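The primary structure of each chain is shown beneath.
There are 2 protein chains.
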Amino acid sequence: MTTSFPMNAGDGVYSYSKNSHLQKEMIDGAKEMVRDAIIRKLNIKIILSSSNTLRIAELGCSVGPNSFSAMQYIVEALKDKYLLNQDQVINFTNNIPEFQIFFNDHVTNDFNILFQSLPFDRSYYAYGVPGSFYGRLFPSRSIHLVHSSSGINWLSKIPKELVDEKSPAWNKGLIHYVDASNVEVVNAYFAQFEKDMEIFFNVRAEEIVQGGMMVLITAFSGYIRLMRFFGSSLMDLVNEGKLDESLVDSFNLPLYYPSPQEMTKVVEKNGLFSIERMELINIKSNLVDEADAKTLMTSLRSSIEGVIISHFGSKIAEEACARTILKSEEISEWMKVNNEKPSILFVALKRK
Amino acid sequence: MTTSFPMNAGDGVYSYSKNSHLQKEMIDGAKEMVRDAIIRKLNIKIILSSSNTLRIAELGCSVGPNSFSAMQYIVEALKDKYLLNQDQVINFTNNIPEFQIFFNDHVTNDFNILFQSLPFDRSYYAYGVPGSFYGRLFPSRSIHLVHSSSGINWLSKIPKELVDEKSPAWNKGLIHYVDASNVEVVNAYFAQFEKDMEIFFNVRAEEIVQGGMMVLITAFSGYIRLMRFFGSSLMDLVNEGKLDESLVDSFNLPLYYPSPQEMTKVVEKNGLFSIERMELINIKSNLVDEADAKTLMTSLRSSIEGVIISHFGSKIAEEACARTILKSEEISEWMKVNNEKPSILFVALKRK
Numbered sequence: 001m002t003t004s005f006p007m008n009a010g011d012g013v014y015s016y017s018k019n020s021h022l023q024k025e026m027i028d029g030a031k032e033m034v035r036d037a038i039i040r041k042l043n044i045k046i047i048l049s050s051s052n053t054l055r056i057a058e059l060g061c062s063v064g065p066n067s068f069s070a071m072q073y074i075v076e077a078l079k080d081k082y083l084l085n086q087d088q089v090i091n092f093t094n095n096i097p098e099f100q101i102f103f104n105d106h107v108t109n110d111f112n113i114l115f116q117s118l119p120f121d122r123s124y125y126a127y128g129v130p131g132s133f134y135g136r137l138f139p140s141r142s143i144h145l146v147h148s149s150s151g152i153n154w155l156s157k158i159p160k161e162l163v164d165e166k167s168p169a170w171n172k173g174l175i176h177y178v179d180a181s182n183v184e185v186v187n188a189y190f191a192q193f194e195k196d197m198e199i200f201f202n203v204r205a206e207e208i209v210q211g212g213m214m215v216l217i218t219a220f221s222g223y224i225r226l227m228r229f230f231g232s233s234l235m236d237l238v239n240e241g242k243l244d245e246s247l248v249d250s251f252n253l254p255l256y257y258p259s260p261q262e263m264t265k266v267v268e269k270n271g272l273f274s275i276e277r278m279e280l281i282n283i284k285s286n287l288v289d290e291a292d293a294k295t296l297m298t299s300l301r302s303s304i305e306g307v308i309i310s311h312f313g314s315k316i317a318e319e320a321c322a323r324t325i326l327k328s329e330e331i332s333e334w335m336k337v338n339n340e341k342p343s344i345l346f347v348a349l350k351r352k
Numbered sequence: 001m002t003t004s005f006p007m008n009a010g011d012g013v014y015s016y017s018k019n020s021h022l023q024k025e026m027i028d029g030a031k032e033m034v035r036d037a038i039i040r041k042l043n044i045k046i047i048l049s050s051s052n053t054l055r056i057a058e059l060g061c062s063v064g065p066n067s068f069s070a071m072q073y074i075v076e077a078l079k080d081k082y083l084l085n086q087d088q089v090i091n092f093t094n095n096i097p098e099f100q101i102f103f104n105d106h107v108t109n110d111f112n113i114l115f116q117s118l119p120f121d122r123s124y125y126a127y128g129v130p131g132s133f134y135g136r137l138f139p140s141r142s143i144h145l146v147h148s149s150s151g152i153n154w155l156s157k158i159p160k161e162l163v164d165e166k167s168p169a170w171n172k173g174l175i176h177y178v179d180a181s182n183v184e185v186v187n188a189y190f191a192q193f194e195k196d197m198e199i200f201f202n203v204r205a206e207e208i209v210q211g212g213m214m215v216l217i218t219a220f221s222g223y224i225r226l227m228r229f230f231g232s233s234l235m236d237l238v239n240e241g242k243l244d245e246s247l248v249d250s251f252n253l254p255l256y257y258p259s260p261q262e263m264t265k266v267v268e269k270n271g272l273f274s275i276e277r278m279e280l281i282n283i284k285s286n287l288v289d290e291a292d293a294k295t296l297m298t299s300l301r302s303s304i305e306g307v308i309i310s311h312f313g314s315k316i317a318e319e320a321c322a323r324t325i326l327k328s329e330e331i332s333e334w335m336k337v338n339n340e341k342p343s344i345l346f347v348a349l350k351r352k
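These protein sequence lines are chains G and P, in that order. With the UniProt record's numbering applied, the first sequence corresponds to residues 1 to 352, in that order. With the UniProt record's numbering applied, the second sequence corresponds to residues 1 to 352, in that order.
If you're looking for bench data, these hints aren't it; they were derived computationally from the structure. Honestly, I wouldn't trust all of these hints.
[Stated by the list, open to error] If you want a taste of the chain P side facing chain G, the calculated C-beta under 7 Å gives, among others:
no., residue
1, Glu98
2, Phe111
3, Asn112
4, Ile113
5, Gln116
6, Tyr127
7, Pro130
8, Gly173
[Stated by the list, open to error] To give an idea of the interface, some chain P residues facing chain G are shown, with a C-beta separation under 7 Å as derived from the structure:
no., residue
9, Thr53
10, Val107
11, Phe115
12, Gly128
13, Val129
14, Pro139
Since the model is a prediction, treat every value here as computed from it, not as a measurement. Don't be surprised by glycine CBs; every beta carbon is placed ideally from N, CA and C.
Please model the entire structure based on the sequences and the hints provided.
Shown next as structure tokens:
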């Protein structure tokens with residue numbers, strides 16, 4: 001049984017739909033690389049030999065806007081790839097392929113908003129797929145391309161030892177591994193990530209056709225460090241007597257940000273996919289100013305507020321989030337001093 | 001552009017999810033016939049020669065409960081059919097087929113409730129498909145079985161002439177064709193039904209594989225006549241000065257209940273499907289008592305309240321619906337006198 005951590009629902013001030021700039025930057029940053037992987041690496045001849053429909057899974061779609069723009073350029077890249085290779089593609093119709101896009105997220109995701117926001121001029125058939133992507137979502141060998149941006153950062157659950165005061169991995173006073181000097185905490189997080197990815201690769205390997213591809217985009221440096229500021233806002237509330245410290249001790253953000261080395265390790269250990277391309281990209285070349293920091297924190301808030309609310313209640317969550325966003329000057333200074341720039345990890349895999 | 005008429009959302013007292021007994025009776029009444037059509041008429045050998053996945057479209061699913069039970073017995077029938085013919089089926093895996101079920105309804109349908117109510121122990125992959133079934137929803141030749149219960153009764157729109165006081169088909173003082181002595185009104189309704197079905201068959205014919213089937217279940221006699229009681233409640237409000245008569249004149253329920261002869265006519269005119277079975281079934285052998293009548297009217301209310309609200313506003317809709325349900329004794333009497341029993345029309349078609 002996995003736990004679900006939905007993005008903020010609806011379209012209010014702190015909703016994911018209005019505050020996912022960070023995720024949008026990630027998708028835009030990866031756009032050319034996704035296109036390049038499709039044009040250079042996808043064997044459309046094999047894929048279209050058995051079907052005239054290309055099936056794409058978008059895992060962790062939330063309520064849409066960023067997914068829609070990613071799906072738009074993926075479909076365009078696939079159409080271009082088809083036109084480039086048209087003479088080699090022999091299928092039973094010889095027509096331009098049709099596209100099916102499967103938008104997946106937890107069953108608690110707001111699919112109503114997703115459906116109501118679907119672009120009118122889309123050139124694909126759109127479906128909603130409720131359920132955790134750590135389980136099976138599709139029949140065997142039915143998917144040609146999987147895309148997931150900011151998806152696999154979310155662990156399926158928090159390892160128990162992080163909240164067990166008798167464990168050496170007890171993460172007292174902190175809400176993430178980013179600030180932890182205790183290496184056992186980092187190890188427990190990575191062990192969970194490894195387990196999750198093994199399951200993830202196994203289920204996707206069943207679903208993806210031979211030669212099919214999987215494009216994974218995850219946040220890396222810059223974002224990780226920002227988690228500390230949410231933690232320190234919660235500890236401010238503890239120090240002011242507004243929050244019981246044991247509530248902080250029993251909470252950990254279920255987010256892991258793999259390095260390229262760690263990603264390589266989990267892919268190779270699993271053995272069912274080949275790495276076609278892996279790259280760490282700075283999506284902002286300049287140092288982060290205060291306005292940037294504010295945008296970053298508001299974006300992060302829209303992603304993690306749900307999980308903070310479910311543990312601390314909405315009053316504490318609201319105050320901790322608001323306080324963190326007020327720290328944007330401090331955050332900007334800290335990022336400059338530490339030369340931290342928002343960056344993403346791009347990985348293109350192929351089903352062996 | 002088609003108009004959408006969603007069922008009552010949520011799970012409140014008059015929600016579709018809690019008041020679709022009538023629709024449930026229809027599905028149960030058709031259960032054996034659907035099973036029989038699958039076992040006797042479906043050519044599973046041809047269908048499984050190109051794919052190990054059986055794809056089923058459930059059109060007009062609303063928020064689920066009745067669709068779930070229909071999908072359950074359809075999957076069971078398909079499994080049995082596969083086991084009966086296992087020695088003739090040669091596919092590339094020789095495994096038991098996998099099932100994909102596509103739950104379709106208008107984009108305004110409450111898909112969140114649908115997804116959250118999906119049976120835990122389902123043996124199929126479940127997807128949501130937003131959009132009118134009078135348009136394309138699936139790629140070419142990708143669907144093996146279409147099921148729709150109480151779906152095609154809903155016209156895509158109301159013919160303009162019904163609300164045009166200069167037209168001979170103006171339906172003054174009435175909200176449906178059931179009570180209309182004016183044959184032009186009936187003709188206008190049937191003409192719209194014919195147009196809608198021509199579009200419906202054409203798009204489905206593109207989507208369904210050769211030899212694939214379509215099972216359509218629609219309400220017939222009994223239900224149709226009940227519409228008059230909603231109309232008379234609205235006219236009561238007009239007579240009491242609580243409602244402007246022009247609002248009744250400008251409203252018509254977008255529901256058509258085809259006879260077996262009419263259904264045969266539209267299928268044969270289209271020409272892309274063969275009729276494998278067509279039957280009119282009484283789903284209640286006894287005469288309808290007052291409690292039955294109340295259940296019937298509450299069920300009907302959950303289906304049509306949405307469209308009444310959008311025209312008259314929620315206050316008038318609430319009052320008209322409540323008054324109609326209070327007429328259950330009168331309705332029961334009327335049904336007995338006229339020997340009206342709830343019945344359904346079952347049609348199994350095969351893609352030529």
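Each hint tested on the structure:
Checking Glu98 (chain P) against chain G: minimum C-beta separation of about 4 Å stays under 7 Å; hint holds. Below 7 Å, beta-carbon pairs count as interface contacts, and Phe111 (chain P) has one with chain G at about 5 Å; its hint therefore holds. Restraint check, Asn112 (chain P) versus chain G: the minimum CB separation of about 5 Å is within 7 Å; hint holds. Of the supplied interface hints, the one on Ile113 (chain P) is violated, with its beta-carbon coming no nearer than about 9 Å to a beta-carbon of chain G, more than 7 Å.
Hint status for Gln116 (chain P) relative to chain G: holds, with the closest Cβ pair at about 6 Å, below 7 Å. Against a cut-off of 7 Å between C-beta atoms, the interface hint on Tyr127 (chain P) holds, since the closest Cβ of chain G lies about 4 Å away. Interface hint status for Pro130 (chain P): upheld, as the beta-carbon distance to the closest one in chain G is roughly 4 Å, under 7 Å. Annotation: interface hint on Gly173 (chain P) violated; nearest CB of chain G at approximately 36 Å, more than 7 Å.
A distance limit of 7 Å between C-beta atoms decides the matter here; for Thr53 (chain P) the minimum to chain G is near 4 Å, and the interface restraint holds. Taken as an interface hint, Val107 (chain P) checks out: its beta carbon lies about 5 Å from the nearest beta carbon of chain G, inside 7 Å. Restraint check, Phe115 (chain P) versus chain G: the minimum CB separation of about 4 Å is within 7 Å; hint holds. Nearest Cβ of chain G to the Cβ of Gly128 (chain P): about 4 Å, under the 7 Å cut. The hint holds.
For Val129 (chain P), the interface hint holds, since its Cβ comes within 7 Å of a Cβ in chain G; the closest pair sits about 6 Å apart. Because the closest C-beta pair between Pro139 (chain P) and chain G is about 4 Å apart, less than 7 Å, the hint holds.
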